[in-house]
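Visitor: Chains as they are written, first to last, in our numbering: chain A, 1 to 305; chain B, 1001 to 1305.
It is worth saying that the hints were derived from the structure and are not from the lab. Treat the numbers as computed from the prediction; the structure is a model and nothing was measured. One or more hints might be untrue.
[As the list claims (entries may be wrong)] In silico DSSO-like pairs for lysine-lysine, Cα to Cα no more than 30 Å straight-line: (1) B/Lys1285 to B/Lys1002; (2) A/Lys186 to B/Lys1075; (3) A/Lys75 to B/Lys1186.
[To be verified] The calculated label-pair distances, taken between Cβ atoms and stated as ranges, are: (4) B/Thr1116 to A/Thr88: 51 to 57 Å; (5) B/Asp1205 to A/Lys186: 32 to 38 Å; (6) B/Arg1197 to A/Glu44: 40 to 46 Å; (7) A/Glu44 to B/Ala1099: 58 to 64 Å; (8) B/Asn1013 to A/Asp34: 29 to 35 Å; (9) B/Thr1116 to A/Glu44: 53 to 59 Å; (10) B/Gly1193 to A/Lys186: 38 to 44 Å; (11) A/Glu44 to B/Arg1265: 41 to 47 Å.
Quick reminder that beta carbons are idealized off the backbone N, C-alpha and C, glycines included.
2 protein chains.
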Amino acid sequence: MKRLSWIAVDWGNTHICAYAIGDSGEALDTAFADCDTAALHPSEFEDRLLAVISSWLYENQVTPVMISGVIGSAKSWSETAYLNVPCTPMDPTATVTIATSDQRILVRVMHGLCQTRPEDVMRGEETRIAGFLSDRPDFKGAVCLPGMHSKWANIAAGQVQSFTTFMTGELFTILSDQSVLRHCTKSLGWDDGVFLRAVESALLDPVSVTAKLFGLRAKALLNGTPHDMLKAELSGLLVGAELVTLRAIWDGPKVAIIGDREITRLYQIALNSRGCSPTVFDATKALIAGLRPLADLPTESSAAA
Amino acid sequence: MKRLSWIAVDWGNTHICAYAIGDSGEALDTAFADCDTAALHPSEFEDRLLAVISSWLYENQVTPVMISGVIGSAKSWSETAYLNVPCTPMDPTATVTIATSDQRILVRVMHGLCQTRPEDVMRGEETRIAGFLSDRPDFKGAVCLPGMHSKWANIAAGQVQSFTTFMTGELFTILSDQSVLRHCTKSLGWDDGVFLRAVESALLDPVSVTAKLFGLRAKALLNGTPHDMLKAELSGLLVGAELVTLRAIWDGPKVAIIGDREITRLYQIALNSRGCSPTVFDATKALIAGLRPLADLPTESSAAA
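Only chain A is shown next, with the shape it has when bound in the complex:
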């Protein structure tokens, strides 16, 4: 293995994903673990992290471990500030260095962003926005970060001017896993055409989206509509209900999508079908680029709060 320089970590509500970064900035290795973060006591976070990354560590050397995500929220490992927008997505002076028992690691945690009116918060996406902007410093337009809670951020002058969170991914998950729709939207299949028609119907007639949800169940009962089509229609209705709120944002200025491959593809074809051609930027690349400036900080300057 090439020489490890530092470790980038995305720590979410349900997972820890760590990347071993080499001297020349490339990811040498990846480690993933499920983690019910909300159930952890503050004293358990260090062991949980070490279980994922310890095989990469040197015995007689400190490895910087830079963490982005919910880890900085209240009741988590160590609370970090929210920076109020408009602001740059990443401010090294607002990060926190966490004291650890294990002397092989130096752990820094990113801050989050918040917005006062309307109220909104993000923890994790700001890192990816910072990474994207390090690659495209002059970008002006909207950045979409699709996921359980998709975020749309307005970017100008290297700053996040404002942002909006949608529970689209979580709505899809709980409706298809927990609601009466679970009987008709469980499928490994998928239908892009149905998805795009549902996006269009939500954009053309947004007030009827809630009336169309139960209709999926009725279509299964009355017409025997295949579950892969109903799953794609549910997804399209929810993505369309998100896009309709943002029409002024994507129907004009530049749009970039930062996300994992499949969810990014869906947002991309939805926007393409409406005449918008978003730039696509890989979420892992954005994460690593966003955390790199933290790894480069001198140890002294970021003593624990």
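Place chain B on chain A using the hints.
Guide: Frame of chain A; chain B shown alone:
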């Protein structure tokens, strides 16, 4: 106890609620039991029913047991037809008499209603609409049956002309129980003023409802907004998103609400705040009145399908 004449049963996905009806039509007694109906094998339904009502039965006499609800759906006790709207809400010739091992009961199950375009189905609410119309045969307007899946039916000439189902109650339940909003909407308290303002905001700006859902979480984190207010706001946003779809229905013709007390009160104050004064009709009274014609059928005329 006065003399039992017949038994009315509301059998839902999660409960059985039975009413012992006396000779003069009054409810003499009520019995309630939780029931995970979807988990029952067809052979288990009779025992499940008897566990709830057997204490009421006469040993040497057949008691009619008239059932409304999901019990008539596929994979349930005995499938009954959907009648296609427009039609009267109750057609005795489309009910099914179920053969039982226990000779003390005669069990009849109501049919459901369906609609082809857009696709929709109901099982249970048609009984309450029939009961309401037996009391108000000349009613013309909209009937709202709020609940996990609220139904709005257009009534004219004693028939259901069309109907629409909203997953409002289920959305509220899964969002406040399962989603990230569970951290900020758990409260025994309530705030009518917040509820009504959220209804109004959804009516004035329906496309922004999905963007406002995550905002509840952000208000809790940033402002410490009390959970009773956030719970009322979530409910108001969802009820408002339902009402905005139906503006043409309640903003003019007569409206009746058939429901349980608290959910009915919420829909009533929401509609009142928009200048609509709905009639309120008790859901249990409607159920019993809707099933009564089935109890009066001669045994021969409704032999099992």
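Visitor: Checked against the structure, which of the hints given earlier come out wrong?
Guide: none
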